[in-house]
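For the sequence shown, the residue numbers in mature numbering (1 follows the signal peptide of the UniProt record, and there is no 0) are -19 to -1, 1 to 112.
Hints in this document: simulated from the structure, not taken from any laboratory.
Treat the hints with care, as some may be off.
To be verified - Derived pair list, reagent style EDC-like, types lysine to aspartate or glutamate, alpha-carbon separation capped at 16 Å: (1) K8 <-> D30; (2) K8 <-> E54; (3) K90 <-> D24; (4) K90 <-> E13; (5) K88 <-> D30; (6) K89 <-> E54; (7) K88 <-> E77; (8) K89 <-> E77.
Every value quoted in this text rests on a predicted model; they were computed, and no experiment measured them.
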Amino acid sequence: MKTFKAAPLIFLLIYTSIGWPTHSVCKNSHLEIYYISCDPLQDFAFTLDSCSGLTTGSVNIRAATVLRHSIRELFVTVNLFFNGKSIPIFSRQLCEQNHPNLSFCGKKKGEHVYYEGPVSFRSYDIPHVLF
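Kindly produce the complete structure, drawing on both the sequences and the hints.
Okay, structure coming up:
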């Protein structure tokens, strides 16, 4: 009977230590890019072809996931972390309810979302941060 009492306690201690995983996207001598999903149970794969493409305003990406929830609304926020402080750089609503802007807007739970191709930053005003 003691093992039945200890099992939930052990599970609780293990489960609370699970945080949102940090994934490395790109790393070179001048830049490191990581991402953290807003859902620790949702596996989201994201890669860049090259870190150097970020300076040209266009980069090739690959992104994939199996949806745990339907996409009614979707937001993206990019923050720069420097010396432990967060600096917001970019925030945009990608999918609006009843107004699908992109092909994956409106996808249902359990569906696969996959995108491979170029993404351009030229049409967005991304501030230059100098340190």
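Each hint, compared with the structure:
Distance hint between K8 and D30 is fulfilled; the C-alpha atoms sit about 11 Å from each other, no more than 16 Å. For a cut-off of 16 Å, the pair hint linking K8 to E54 is broken: about 31 Å separates their Cα positions. Restraint check for K90 and D24: the C-alpha separation of about 14 Å stays at or below 16 Å, so the hint holds. Straight-line distance between C-alpha atoms of K90 and E13 comes to about 32 Å, which puts the hinted pair past the 16 Å bound.
Of the pairs offered as hints, the one joining K88 and D30 is violated, with about 26 Å between alpha carbons and a cut-off of 16 Å exceeded. The hinted pair formed by K89 and E54 meets the criterion: a straight-line CA distance of about 12 Å does not exceed 16 Å. Distance restraint check for K88 and E77: the Cα-Cα separation of roughly 12 Å lies within the 16 Å cut-off, and the hinted pair is therefore satisfied. Distance check on the hinted pair: K89 and E77 sit about 15 Å apart at the alpha-carbon level, within 16 Å; holds.
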